[in-house]
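These protein sequence lines map, in sequence, to chains A and B. For what it's worth, full-length UniProt numbering labels the leading residue of the first sequence as 1, then goes sequentially. For what it's worth, full-length UniProt numbering labels the leading residue of the second sequence as 1, then goes sequentially.
Keep in mind that the hints were calculated from the coordinates and are not lab data. A portion of the hints provided could be inaccurate.
Since the list gives no way to pick one copy over another, a pair counts as held whenever it fits inside one copy or between any two copies.
Derived SDA-like pairs (lysine to any residue); straight-line CA-CA distance at most 20 Å [to be verified]:
(1) K62 - E30
(2) K264 - E122
(3) K138 - M158
(4) K138 - A151
(5) K62 - A149
(6) K264 - A149
(7) K264 - R47
(8) K264 - E312
There are 2 protein chains.
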Amino acid sequence: MRETLAAWRPAIDDAIADLLPREIDADYLEDFFGAPTYVYDPESIQRGLADPVWDLLDRGGKRWRAVLFLVLVEGFGEDPEELLAYACIPEILHNGTIIVDDVEDEAAIRRGEPALHRVYGEDVALNAGNALYFLPLKVLERDPGDLPAEARLAAYEMLTHELNRTHLGQGMDIAWHNERDVRISRAEYLEMCACKTGCLGRIVARLAAIVAGQSEAIERHAAAYAELTSVAFQIGDDILDVENSLGRAGDFGKEFGNDVREGKKTLLAIHALEEADPADAERLRGILGADTNTDEEIREALAILESAGSVEYARERALELAAEAREHVDALGVDPDTAEKLAAFTTFVIDRDA
Amino acid sequence: MRETLAAWRPAIDDAIADLLPREIDADYLEDFFGAPTYVYDPESIQRGLADPVWDLLDRGGKRWRAVLFLVLVEGFGEDPEELLAYACIPEILHNGTIIVDDVEDEAAIRRGEPALHRVYGEDVALNAGNALYFLPLKVLERDPGDLPAEARLAAYEMLTHELNRTHLGQGMDIAWHNERDVRISRAEYLEMCACKTGCLGRIVARLAAIVAGQSEAIERHAAAYAELTSVAFQIGDDILDVENSLGRAGDFGKEFGNDVREGKKTLLAIHALEEADPADAERLRGILGADTNTDEEIREALAILESAGSVEYARERALELAAEAREHVDALGVDPDTAEKLAAFTTFVIDRDA
Numbered sequence: 001m002r003e004t005l006a007a008w009r010p011a012i013d014d015a016i017a018d019l020l021p022r023e024i025d026a027d028y029l030e031d032f033f034g035a036p037t038y039v040y041d042p043e044s045i046q047r048g049l050a051d052p053v054w055d056l057l058d059r060g061g062k063r064w065r066a067v068l069f070l071v072l073v074e075g076f077g078e079d080p081e082e083l084l085a086y087a088c089i090p091e092i093l094h095n096g097t098i099i100v101d102d103v104e105d106e107a108a109i110r111r112g113e114p115a116l117h118r119v120y121g122e123d124v125a126l127n128a129g130n131a132l133y134f135l136p137l138k139v140l141e142r143d144p145g146d147l148p149a150e151a152r153l154a155a156y157e158m159l160t161h162e163l164n165r166t167h168l169g170q171g172m173d174i175a176w177h178n179e180r181d182v183r184i185s186r187a188e189y190l191e192m193c194a195c196k197t198g199c200l201g202r203i204v205a206r207l208a209a210i211v212a213g214q215s216e217a218i219e220r221h222a223a224a225y226a227e228l229t230s231v232a233f234q235i236g237d238d239i240l241d242v243e244n245s246l247g248r249a250g251d252f253g254k255e256f257g258n259d260v261r262e263g264k265k266t267l268l269a270i271h272a273l274e275e276a277d278p279a280d281a282e283r284l285r286g287i288l289g290a291d292t293n294t295d296e297e298i299r300e301a302l303a304i305l306e307s308a309g310s311v312e313y314a315r316e317r318a319l320e321l322a323a324e325a326r327e328h329v330d331a332l333g334v335d336p337d338t339a340e341k342l343a344a345f346t347t348f349v350i351d352r353d354a
Numbered sequence: 001m002r003e004t005l006a007a008w009r010p011a012i013d014d015a016i017a018d019l020l021p022r023e024i025d026a027d028y029l030e031d032f033f034g035a036p037t038y039v040y041d042p043e044s045i046q047r048g049l050a051d052p053v054w055d056l057l058d059r060g061g062k063r064w065r066a067v068l069f070l071v072l073v074e075g076f077g078e079d080p081e082e083l084l085a086y087a088c089i090p091e092i093l094h095n096g097t098i099i100v101d102d103v104e105d106e107a108a109i110r111r112g113e114p115a116l117h118r119v120y121g122e123d124v125a126l127n128a129g130n131a132l133y134f135l136p137l138k139v140l141e142r143d144p145g146d147l148p149a150e151a152r153l154a155a156y157e158m159l160t161h162e163l164n165r166t167h168l169g170q171g172m173d174i175a176w177h178n179e180r181d182v183r184i185s186r187a188e189y190l191e192m193c194a195c196k197t198g199c200l201g202r203i204v205a206r207l208a209a210i211v212a213g214q215s216e217a218i219e220r221h222a223a224a225y226a227e228l229t230s231v232a233f234q235i236g237d238d239i240l241d242v243e244n245s246l247g248r249a250g251d252f253g254k255e256f257g258n259d260v261r262e263g264k265k266t267l268l269a270i271h272a273l274e275e276a277d278p279a280d281a282e283r284l285r286g287i288l289g290a291d292t293n294t295d296e297e298i299r300e301a302l303a304i305l306e307s308a309g310s311v312e313y314a315r316e317r318a319l320e321l322a323a324e325a326r327e328h329v330d331a332l333g334v335d336p337d338t339a340e341k342l343a344a345f346t347t348f349v350i351d352r353d354a
């Protein structure tokens, strides 16, 4: 999987640069956004859009959404090289959401450097992030793949549907973050993941099915595969945060237990509150709801998660989701090589170490 | 015009409530956003979306974008009552942009009360504002007007085009706001208005033409009318800020000269910097570029704008744009009553007093 990701990356970045070049001039603006009524100011767009977005892209990111799209369209019998512009749609949308999420979460760091709003200001970062919600849709309008009109309409309707649910998911996440108590169920947590993370995965898969002219049944299986994989990915994130912390909670000066520290309502936390001894559960609830905690309290909370079996529970749940995802891969009817790549992808997102 | 606006308002608010009810429950979420994979949390959506959005809507706003849409479709021979859901598209988009703009501008007040992010927090306000960028597009997917597929595709492409340019406009505005010096031309300023304010007007007009099955020529005239009117509206705003300030600059305790205070690069400021005596222009440049100014300095700047003839210049420019807008109305071939309403609308946005 790592090789597939690395192999595609330069072509993907070139395709993104076709949509948003590193250097903005009036010709690009006129060609891409249409003629101005009066006159554009390319300098503003350089500093307010191209600079921050390429700063973020150049910091890294696996571009896995674009690669997953390319693997899928190839499995559906299309030439992925011909469809690179469409692969950029979910990738650019994703980068838009992380810029905006970082403002909403008051994040300090993104990909090892200060979050974009810390570098460029909230106003510039937000407008750049929001611009990335609409910029990739131009691909459908410009239509380099010469898609039939019904495919383009289906793509717009699909994007409308999924991007609406993305905002429901983010709304749930924000609401819970602002609540002191943990009142939600495991099912509500999984729904938040399915909406917030899953819908971008669904966009990848459904767009691949749509541009490759697949049936609605295939589109549904591809979407379910991507959603399940995305939810498993999110649970993998939650597990990593606790496991890495358990491993190095004693290391001097290292941040650990960040999710507990932020009072995040992860699947592990919800499980532990339901399954731990009442006294432990009460203690965990207190630590999660506190404004600040000592390192000792964080260690205590992590120990409760561990002894309640919440890490194992979450891993089993992620593996179940991955197994379900693979069933949908089988229903896709793609060649064995593609099926294997898709399955490896699901394993990769759970077993990764960062 | 005021009567037309007031008469439509209750029906428009009912139509908005059909899309985003004041009270959120699981049935609404399932019907509007589709079945959940697991289970929704309606409480989060109530507090994170419906509450803040209806708070904003109930504070006022003229709903002029929706009304203009209804006047246009009626002029194009359609029954406006049947198309109320489509009238909500630009209105909801507009409210989304003002929530986000207020975060970007660090605005304190909106419609006489604290800006939404001051009431609900930046995270909730931003996600609600962004959700409003996609929520109204569901109207096209749900298609209550039973539009032909090509009209729906045209609407999506139009929205993609215009919402991209909206973000270019906001990007220019933000970039200039962050610059101390005024380096831009009148044409660049007008382009910023055409993109930032004009594109939402263009959405109103083009959507009306599209749902009413008008020719591309008619759509272009309607769009030009709405864009010119919107730019005139923006210049009207800039004039109001200076005129109200000139009138009450002596009043005790009242804020005045806000645009100058914020160093805003308005058409009036750009004109004065080009046309005032060199010494006056230098002084104005210094006041606009300063981090803070005394009331005396603001009064001085306002006096320079007045003596350079910048208020008159801006008013003449707005009237020229309004006259141009009316020429496009003539080309629409609508009935005299509609034509009169459209012309009155253009006058209304320039001559308003708030």
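Please name the hints from earlier in the document that this structure breaks, with their numbers sorted from lowest to highest.
Checked against the structure, the hints that fail are numbers 1, 5 and 6, while the rest are satisfied.
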